[in-house]
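Asks: If you read the sequences in order, they're chains G and P. This note's numbering puts the first residue of the first sequence at 402, with every later residue one more than the last. This note's numbering puts the first residue of the second sequence at 418, with every later residue one more than the last.
Honestly, the hints are just simulated from the structure, not real lab data. This one's a predicted model, so the numbers in the text were calculated from it and none came from an experiment. Using N, Cα and C, we set each Cβ at its ideal position, and we do this for glycine too. Fair warning: there could be bad hints in the mix.
Derived DSS-like pairs: lysine-lysine, alpha-carbon spacing no greater than 30 Å straight-line [what the hints assert, rightly or not]: (1) Lys679(G) x Lys667(P); (2) Lys554(G) x Lys524(P); (3) Lys539(G) x Lys679(G).
Estimated spans, in silico, between C-beta atoms of each pair [said to hold, decoys possible]: (4) Ile510(G) x Pro676(P): 31 to 39 Å; (5) Asn662(P) x Leu688(G): 35 to 43 Å; (6) Ile533(P) x Val555(G): 29 to 37 Å; (7) Asp461(G) x Pro688(P): 39 to 47 Å; (8) Glu548(G) x Glu568(P): 27 to 35 Å.
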Amino acid sequence: MGVSISGAADPISLRIGNCLVGNPENTAGLEMTLLGGTFVFPEGAIVALAGSDFGARLDDAKVDVGTSIEVDPGQTLRLGPTRSGARCYLCVQGGIVVPPFLHSASTHILSGLGGFEGRALRSRDVLHIGSASKTFRKRTIAPHISEHLLPRKVLRVTSGPQLEWFSQSFQHSFYSATYRLSEQSDRMGLRLEGARISQPDHRAMITEGVSLGAVQVPPAGSPIILFVEQQTTGGYPKIANVISADFHRLGQLRPRDEIRFELVTLEAAQSLLIEQEKLLASEESILE
Amino acid sequence: MDCGSGKDFGSSADSLIRADLHFVRASQKSKRRFVAVPLSPLPMTEGAQFKTASDQSLLVYFGQEVTLDAHERVRKLLHLLESEPIAGVRNLHPAYCSLLVVFDPLKLRHGELEAILSDYLRRLTAVRLPTARKLEIPTCYGGEFGPDLEEVARLHGMTPAQVVDLHSSVTYVVYFLGFVPGFAYLGVLPEALATPRLASPRRSTPPGSVGIADHQTGVYPFSTPGGWRLIGRTPIAMFRPDQNNMSFLKIGDHVCFTPISVAQFTALQNP
Chain G
402 MGVSISGAAD PISLRIGNCL VGNPENTAGL EMTLLGGTFV FPEGAIVALA GSDFGARLDD
462 AKVDVGTSIE VDPGQTLRLG PTRSGARCYL CVQGGIVVPP FLHSASTHIL SGLGGFEGRA
522 LRSRDVLHIG SASKTFRKRT IAPHISEHLL PRKVLRVTSG PQLEWFSQSF QHSFYSATYR
582 LSEQSDRMGL RLEGARISQP DHRAMITEGV SLGAVQVPPA GSPIILFVEQ QTTGGYPKIA
642 NVISADFHRL GQLRPRDEIR FELVTLEAAQ SLLIEQEKLL ASEESILE
Chain P
418 MDCGSGKDFG SSADSLIRAD LHFVRASQKS KRRFVAVPLS PLPMTEGAQF KTASDQSLLV
478 YFGQEVTLDA HERVRKLLHL LESEPIAGVR NLHPAYCSLL VVFDPLKLRH GELEAILSDY
538 LRRLTAVRLP TARKLEIPTC YGGEFGPDLE EVARLHGMTP AQVVDLHSSV TYVVYFLGFV
598 PGFAYLGVLP EALATPRLAS PRRSTPPGSV GIADHQTGVY PFSTPGGWRL IGRTPIAMFR
658 PDQNNMSFLK IGDHVCFTPI SVAQFTALQN P
């Protein structure tokens, strides 16, 4: 129907946040981009923050990312601007309850569908929390997991379906260049500034489906990495595709961050994903 | 070793099979090695070609041309995959002559999926597609609803009325939905109306705008940036999330545009 995947820009952080509060991994949570909000929990809650450090405080006390905490009725949780990556997730035990759209709680901003009234949250919005056991268990993400998730300067990619449309010299430029995220980057796509890549061929491409993380190159030559609210089909050639294991890195990139691309084989991409999943699923990943 | 590149199916002299050497940078921590890997051309399976799109998706191509035959094969494969889903497949994106299959990379590998899809491809000829629905899109052409109509007419040495007549005289096929929810790619626009996109896309096109670009025509369901030439507007909502069939148009529908007046437009918009 043309509806994009949507969902968390950094899906691993959402999963971690949910694990910390004892929720199923894909329970709905709040995504904050570059700047956090201020929240009160009139009935109290068990919450956790995951992803980047937004300088969170519960009343006067500092709140660490990656650990579950109890919030009492009357306490205020405040988050400010990011001190590291682009996104921070607020997970609440019981999850955030919204009417599902196409079986998902996610918001699709462009079409104004899903999530909470199909839009970004505003001051005075009231969200409902699902029922929960309210048993508090202090859980913390293991340091080796956080370290594993930290790097985002290199994006590993497999070759795109139109790789051969680009000359060897442009392919070489693409893999040696350092690119910077432009301010126009968002959930639809990360626009890159840096070495321009063009197809000397200038073939007209027939529109086809595009996969998440595809690196497409419009005629002007500046690559765009398609992201969670990307269009589902497109007519620009694709030189590469970010590997699944690195999707979470895309969610933490901020405007002006510098990246470069590293080509890997399909087999390597699959191994990296399996290894990462094993790491996340292991018993040592969450400390109680 | 599949690095995602393959046979070039473009027309003319470039479609020779090239055994390009592809440099794969295998970095082992700080050590880097350049390894040259020869590519092999993709095999044809039951009239289709497979191509890796990403580590969690693969493209099935039915040639490299926009034809009703390719369109029908895409629809038949889609029909089979929807009625007999493959475990691990998450999403299907049909387009003019291809189908993108997105799957869970922890449950399926490309090779396995290709083998399963080959079986489906062998059964395509037996698939009967339902009779196409016939739909009308009432459209108010020109004026504030079609800011590019005069320019399109000028580009083709026609009057705006002739453009309207031609655009509304054709029955179009919905090749697929994509781009944004409810956006239908309609073809084929008469050759006499084929117009390139705007040099710079508009920052926002009003919902319901009817546009043309190259050999396509379509309706913008939402306010989005857009590079198509806007020739009219329809009061019909192309995407209705509150209804069972959220998208007004479906793949395979037969559609024509019916000219209406401003008064009729207003009446249809406020029933």
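Asks: If a hint holds in the structure, say so; if it does not, say that too.
Replies: Here's how the hints hold up against the structure:
1. Restraint check: the Cα-Cα separation between lysine 679(G) and lysine 667(P) comes to about 41 Å, which exceeds 30 Å; the hinted pair is violated.
2. Straight-line distance between C-alpha atoms of lysine 554(G) and lysine 524(P) comes to about 29 Å, which keeps the hinted pair within the 30 Å bound.
3. For the hint pairing lysine 539(G) with lysine 679(G), the CA-to-CA distance comes to about 23 Å; that is within 30 Å, so the pair holds.
4. As the Cβ distance of isoleucine 510(G) to proline 676(P) is approximately 34 Å, the hint placing it in 31 to 39 Å holds.
5. Range check, asparagine 662(P) to leucine 688(G): about 49 Å between beta-carbon atoms, so the 35 to 43 Å window is missed.
6. Take isoleucine 533(P) and valine 555(G): their Cβ atoms lie about 34 Å apart, and the range 29 to 37 Å holds.
7. Checking the proposed 39 to 47 Å range against aspartate 461(G) and proline 688(P) shows it is violated: the Cβ atoms sit about 57 Å from each other.
8. Against the hinted window of 27 to 35 Å, the Cβ-Cβ separation of glutamate 548(G) and glutamate 568(P) comes to about 57 Å, which falls outside the hint.
The earlier numbered hints that this structure contradicts are 1, 5, 7 and 8.
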